[in-house]
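*Asks:* Turn these sequences into a full structure, and let the hints guide you.
So the sequence lines, in the order shown, correspond to chains A and B. Counting from 7, one number per residue, gives the positions in the first sequence under the working numbering. Counting from 60, one number per residue, gives the positions in the second sequence under the working numbering.
Worth flagging that the hints you see were computed from the coordinates, not collected in a lab. Do not take every clue at face value.
Stated by the list, open to error - Covered stretches of chain A, as calculated for chain B (at least 3 residues, CB under 8 Å):
(1) 199-208
(2) 249-255
(3) 288-295
We put the CB at the ideal spot given by N, CA and C, even for glycine.
Take a look at the letters that make up each chain.
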Amino acid sequence: MLTETSSAFPPIKRRSFAARGLRSVLIACFVALAISGLYNTSPMITLAYSTSYTLGCWFCIDAGRILAARWVYRNDRGNEKFGRWPGWKWMIAVVLVGTFAGAVLGNALANLMTGRHDPGFIGGSNFRQALGVLMFSLIPGTLATYFFYTKERLALSEAQAQTARRHAAETQLKLLESQLEPHMLFNTLANLRVLIGLDPQRAQAMLDRLIAFLRATLEASRSRAHPLSAEFARIGDYLELMKVRMGDRLQPSLELPPELAEQMVPPLLLQPLVENAIKHGLEPHVNGGRLVISAAREGSELVLRVRDTGAGLGVNGGAGGTHFGLKNVRERLSTLHGNDASLELAEAGDDKGGVVATVRLPMA
Amino acid sequence: MPTALIAEDEPLLAANLQAELQRLWPELQIVASVGHGEAAVQQALALAPDLLFLDIRMPGMTGLEAAQAIAEDWPDDESNPFPLIVFVTAYDQYALQAFERAAVDYVLKPVLPERLAQTCTRLQAALAQRAQPQSQAGTPSLDDVMQQLRGLVAQGGVGTAAGAAPAQQGTLKVIQAGVGNAIHMVPVDEVLYFEAADKYVRVITAEREHLIRTSLRELQPQLDANRFWQIHRGTIVRCDAIGTALRDEAGKVTLTLRGHGDKLTVSRMYAHLFKAM
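*Replies:* Pasting the structure below:
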């Protein structure tokens, strides 16, 4: 009954509304039997009054709650996270007014059923007795409200947990899809298909690169870290594949100082940055350009840079695409290192143009 | 002898497509093989081939944009019909199935010989039909091609080659045009039209014109599409600045503006916008 995505007010479900009413009546029956046992009154008449009071109170409180929640929702659209719960402040007012109105209504109903003329607590001579009845009605009213509140709350947190699980799975899938970008995959296969006929040895070498790249992509989601040398080797595989496709338009170079080779980094962290540099920087350029991937130590930080000499960020500040790649790198960095790691994207700022992406993370 | 142009940015794939076509269709003469969209437009207009094989994702200009540009500038000449187009793509993100058995065709990469043979048969049939002057039915007219290209462009995928999908959909209020050290603030309400000029866009108002350093493609998503109509791949006009639209015998539409002497040409692609109510 709680919709987490729709912005409309959650629809009222007649069945669950009726079910709550029925359950209230059931509770009333037990209360009536208990009272008639305790005070030795006629069970049928007690049952009629008890049930009518309960029904009246339930109806007024439940309907009041829905109306109040609607009102709150209409005046504050953002406040939809708790579906049909208007908040405790409103609820106390609803329970008080609802109990009072419900008791009046219930008394009238019971009088109608039994043919008696019990004045109830308004118009009755005994004010104290009337107040007692009201208090007596308030207790189950509050208890029932609390019961339904907890139940609804539980259902909500369950729904939220499910949404969170679904989001996590979707992100995983999107990540995999972005790494196994179909355009890249099928174009690579198309090249491979041609090379098999033309130059079987080169085709074999290309296939080996593709295998290593695919294996790394699939394994990246399972392991937390691998050495920087492995990271550079996988990026190298990817670049070799792209080089077969783009020819001289892609001039890559990888610069890894040997003393940093054993530094551990999250697997394929740089992959989305390299892909972006090619897709947004070099591919649109008729003449292509250079792509430099480098690692350096700066103080206590490991600094990784991906720099292209391509189209630049443009006037829109790097508009285009879904930014999924950048978001993904940032999320991974913040999960692992919190605020100690960062990713920056900037115009290269020299005469060669293009963009430089800089990743900073603490040295292990 | 039928002629064809291939536009494909990956050299191996271009060479392979050419070889496969020659094997399947020996009479076909490949008059040009180019590596990017602008060259495709240039060569297609210069050589007027019967067939165009266009890769969709190419540097500079996508295959779809190239097809659109070729269609816009294609001369009105009965003896020189618009080429048949085959789109080549690695990944079908454009719902190209719609093109099967339609005015143009498509093939997926890696190109499989059986599929390419089917396409060739289809193209041969279309060319044969075109050669008989009395039976025009069944051969795609320029209008059909336009219709389909419009459909594809409307899918919104065209910008992806340069990664220029609109990120900001907000409507621009003022154009900030730099003149020396000053920035001129030009309200978009005063702009009569925008015209692409190389890497710049000319912004024309009733009083004067400015140059801004952006592309029309980047500018367009920031404009209110209901007020600013694209009428040519290089022109966007404010619709309430248009005085009249005149259609000549050849179907060519020319716009006159209110309070300004310029006349604007509407390309075939957008001529359908101007119809009497």
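*Asks:* Please go over all the hints and tell whether each is borne out by the structure.
*Replies:* Do the hints match the structure? See the list:
1. Counting residues of the region 199-208 of chain A whose CB lies closer than 8 Å to any CB of chain B gives 4, which reaches the minimum of 3, so the coverage claim holds.
2. Residues of the region 249-255 of chain A lying with their CB closer than 8 Å to a CB of chain B number 5, which satisfies the three-residue condition for coverage.
3. For a cut-off of 8 Å, the count of residues in the region 288-295 of chain A with a CB near a CB of chain B stands at 5, and the three-residue condition holds.
This entry satisfies every hint, going by the numbered hints stated previously.
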